[in-house]
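Start from the sequences, fold in the hints, and give me the full structure.
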Amino acid sequence: MAGTFVPPTRFAVPGRIAVSNRAASEWQRATVVDVRRDNTAGTVSTFRLKVPGWQGHLPGQHLMLRLTAPDGYVAQRHYSIASPPEEGGEIELTLDHVPGGEVSGHLHTVARVGDVVEVRGPLSGFFAWPGDRPALLLGAGSGVVPLMSMLRHWRGAGCPVPLRLLVSARTREDLIYADEYGDETTVVLTRTQGRLSAEHLAPFLGPAQPEGGWEAYICGSNGFAEHASRLLVAGGQPVDRIRIERFG
Amino acid sequence: MEPTRGFTGRARAADRDPRLPPGQYDAADGWPVLSAEVTPSLTAADWTFRVDGLVTTPHTWTWDEAHTLPASEYRGDIHCVTSWSKFGVRFGGASLDAFLAAAGPRPEATHVVAYSHTGYTTNLPLSDVTGGKAWIVWEYGDGPLPPEHGGPARLIVPHLYFWKSAKWIAGLRLLDHEEPGFWEQNGYHHRGNPWREERYSGD
Chain A
1 MAGTFVPPTR FAVPGRIAVS NRAASEWQRA TVVDVRRDNT AGTVSTFRLK
51 VPGWQGHLPG QHLMLRLTAP DGYVAQRHYS IASPPEEGGE IELTLDHVPG
101 GEVSGHLHTV ARVGDVVEVR GPLSGFFAWP GDRPALLLGA GSGVVPLMSM
151 LRHWRGAGCP VPLRLLVSAR TREDLIYADE YGDETTVVLT RTQGRLSAEH
201 LAPFLGPAQP EGGWEAYICG SNGFAEHASR LLVAGGQPVD RIRIERFG
Chain B
1001 MEPTRGFTGR ARAADRDPRL PPGQYDAADG WPVLSAEVTP SLTAADWTFR
1051 VDGLVTTPHT WTWDEAHTLP ASEYRGDIHC VTSWSKFGVR FGGASLDAFL
1101 AAAGPRPEAT HVVAYSHTGY TTNLPLSDVT GGKAWIVWEY GDGPLPPEHG
1151 GPARLIVPHL YFWKSAKWIA GLRLLDHEEP GFWEQNGYHH RGNPWREERY
1201 SGD
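Protein sequences, first through last, are from chains A and B.
All the letters of the first sequence, read from the start, carry residue numbers 1 to 248 under the working numbering.
All the letters of the second sequence, read from the start, carry residue numbers 1001 to 1203 under the working numbering.
Don't read these hints as lab results, they were simulated from the structure.
Cβ atoms here follow ideal geometry from the backbone N, Cα and C, with glycine treated the same way.
Where hints are given, some of them may not hold.
[What the hints assert, rightly or not] If you want a taste of the chain A side facing chain B, the calculated C-beta under 8 Å gives, among others: (1) F5; (2) P7; (3) P70; (4) A75; (5) R77; (6) E90; (7) V233; (8) I244.
This is the structure:
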């Protein structure tokens, strides 16, 4: 695009990530093929969907899910994809059971294996991580979901770059995917240990960081995102190497 | 689409609020924050707003200069592409028409790129930000616009999805062609009319 206006600041779309726009505009049938609990508190479940026309996604992308009532009324919400790209035409969504939530409530209390819903996506390449740069991931609560897609991809595809995950949860019972974390993950349980702090980040910032520095990804509530992004900036992480996904 | 087994919907189509565009839900008292970048440490003293490109007189306003323009407000509804809407909000600031009048758009100007102090960009037809349809605002409700919602000042274009309403607005460049901005390059629709559900490229 000759002559494209570039604003006098650094923040930009990551040019190396190409996103298909076609998939984003088409609703596809998705069949629920598995449902399982993902924390011991029983408040979070994973829904595995078979989507025959799925074009594949990058870790960190999300989709739109739509439910239709008999009179044509529809409800739709964005959800992060939890599974890595390696699983072909099946994808997983991990959802909080939001009390009174119109869509998450239906999925947690009514949906069962064999049901059909609709999805469109994957959407937005901005928060995606293709596995090509060192990744420092900070998540809280269900904000860990897109980061888990990255962690699973990193392990499954054997990505050669370092990846570190800091995950914050209220208690051990609230922690999602508790059995899946390894040496790459630091768990912060806020009720007993207090919130994520500069001390948690210190081992990763400064001289210890990998060649070329980190690409940082933050996902969680807005309060967590504001707090975590301030800690990163204070620790020297460049603002244009911080990507944020805020959950309501 | 066939109905989803067991789904009746919390809000029935029959008593659906007519202010709600298709596919949206009422966020009620909530106001979700959706920005992909770090909230900048931008004070009123640091804030500037520039209009340039295809104008007769490129102009940059400081905070105090912007506040000398006639006060103007928007009272109404806002809609986010992520499917929440919020009813009856108030934003106070100045009409974008006042800024544009001072800069003098040239006849060949058809589009704008709005850009933020963070570097965020979004594209709009000039006709979508003129004629009382867009504002630069620094008040929300009775108070200052909170930083995470774009304070000290943001653009609002309330008849389009809210990703068009660039937070921490830094300027507007007038062009004679359309130039996709941040989300538009990431697969979002170029215009974003909520009543036509122009969410993604191809909608």
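- Task: Identify every previously stated hint that the structure contradicts and give their numbers, smallest first.
- Result: Structure breaks hint 6 only.
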